[in-house]
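Participant: For the record, the sequence lines run as chains A and B. Taking this note's numbering, the leading residue of the first sequence gets 3, the next gets one more, and so forth. Taking this note's numbering, the leading residue of the second sequence gets 3, the next gets one more, and so forth.
Calculated from the structure, these hints are not laboratory results. One thing to keep in mind: the hints can contain errors.
All copies of an identical chain are treated as equivalent in the list; a pair is satisfied when it fits inside any one copy or across any two copies.
To be verified - Derived SDA-like pairs (lysine to any residue); straight-line CA-CA distance at most 25 Å:
| no. | residue 1 | residue 2 |
| --- | --- | --- |
| 1 | Lys117 | Leu20 |
| 2 | Lys188 | Gln164 |
| 3 | Lys88 | Glu158 |
| 4 | Lys66 | Arg141 |
| 5 | Lys88 | Arg11 |
| 6 | Lys88 | Phe142 |
| 7 | Lys88 | Asn144 |
| 8 | Lys44 | Phe108 |
| 9 | Lys44 | Arg31 |
| 10 | Lys83 | His15 |
Number of protein chains: 2
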Amino acid sequence: MESFVNYIRQFPHYKDHLLDDVLPYLSERNIEAGSYFLEQGKISREIAFIEKGLMRLYYLNDGKEVTSCFCKEHTITCSYKSLITKTPSDLSIHAIEETKLIVFAFNDLQKLYEKDLFWQQVGRLAAENEFITMDCHNRFMNDLSATERYQQILHEDGELLQRVPLNYLASYIQVAPETLSRIRKKMSRT
Amino acid sequence: MESFVNYIRQFPHYKDHLLDDVLPYLSERNIEAGSYFLEQGKISREIAFIEKGLMRLYYLNDGKEVTSCFCKEHTITCSYKSLITKTPSDLSIHAIEETKLIVFAFNDLQKLYEKDLFWQQVGRLAAENEFITMDCHNRFMNDLSATERYQQILHEDGELLQRVPLNYLASYIQVAPETLSRIRKKMSRT
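Okay, chain A solo, but in the shape it has when bound (with noise of 0.2 Å):
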């Protein structure tokens, strides 16, 4: 729990006793690899923070798997347009690595944004957070070579690529995982 109390008080305006609006809410969950937190099709109620552990959010395209996102421990995960559209999830969310997560229903997050001034202020800078996420996120697929993907990865997160299996990997970056070898051998001998 500690590091989600880390997590809530970098916002702006925290005082300690705004945690008290939001423990009664909170539960933990432990996932294991390869076990879901949500499936497609259905939709997000929830929202986590990952304490400890490592997901990974895809959709298929034409039946194949694209990752989208990797969510590493300190920070939040949810399929977030089901969540406050109430549509069924296009994502899929699942452990890559044993997950310790801390989550609660969205429905209760309504509550505590009638509660207090701040909990709307943690709402509007996750929505915001959000939104350059997908921003960079697109502006990677579109702008960038696959080696370019790769060199980007290994610049910003290089101990990502240390947990995350090739193959997520590869269809992260949107090429077949021979070619993500082939980009790796290349890179390692220049």
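With chain A's structure known, arrange chain B on it following the hints.
Facilitator: Relative to the frame of chain A, chain B by itself:
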């Protein structure tokens, strides 16, 4: 100003006194057809509500204009990422028709955020809306053929097709103007 008041009134928890918070921060601006509200490379510091007229958001890709959005009367327009990250805008915003705006500064919005829960909520819902809009646009670009894109606009906002010049519409659908002309002719025959 009436349409702006109606826009604000639609948000949950609206009360008349809230309007007094925002009125001192608003200014009216007229933009001639072809003139700019924001140019690429400048930091966006203003948000505009369109009272009347039509705006276009576009960016340059290899020197070619790509239209990312048309914004009609009674909606908000801004370069959202530039606004919230305080970085140079990768989008330009110009008027297609003579346009009447109600403009407020992002700095003043921050003051409103501090003043009442209501404004944080407006900011959150606006951010959620920006996210949904970008997600829909991603789907529009990734999942549909050029003909399907044209059909979707025809189905959802046929009036827009009467107001937007062919070359702008083509750069939104991301085909050459000649290709769009062919699509239109083919559809008018069926």
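Participant: If a hint holds in the structure, say so; if it doesn't, say that too.
Facilitator: Each hint, compared with the structure:
Taking the shortest alpha-carbon separations for Lys117 and Leu20, both the intra-copy value of 10 Å and the inter-copy value of 19 Å come in at or below 25 Å. In this homomeric assembly, Lys188 and Gln164 come within 25 Å of each other (Cα to Cα) only inside a single copy, at 18 Å, whereas the closest approach across copies is 52 Å. Taking the closest pair of Cα atoms, Lys88 and Glu158 come within 25 Å of each other only across two copies (21 Å); inside a single copy the shortest separation is 33 Å, beyond that limit. Both within a single protomer and between protomers do Lys66 and Arg141 lie at most 25 Å apart by alpha-carbon distance, with minima of 22 Å and 16 Å respectively.
Proximity of Lys88 to Arg11 under the C-alpha cut-off of 25 Å is restricted to the inter-copy arrangement: shortest distance 23 Å between copies versus 29 Å within a copy. Taking identical chains as interchangeable, the C-alpha atoms of Lys88 and Phe142 lie at most 25 Å apart only when they sit on different chains, with a minimum of 20 Å there against 28 Å within one chain. Taking CA atoms no more than 25 Å apart as the test, Lys88 paired with Asn144 passes between copies only; the shortest distance there is 23 Å, against 29 Å inside one copy. In the homo-oligomer, the alpha carbons of Lys44 and Phe108 lie at most 25 Å apart inside one protomer (14 Å), although the nearest pairing across protomers, at 37 Å, exceeds that limit.
In this assembly of identical chains, Lys44 and Arg31 lie within 25 Å of each other by CA distance solely inside one copy; the values are 19 Å within and 46 Å between copies. For a Cα distance limit of 25 Å, the shortest separation of Lys83 from His15 across copies, 23 Å, qualifies, whereas the shortest one inside one copy, 27 Å, does not.
When each numbered hint is compared with the structure, no violation occurs for any of them.
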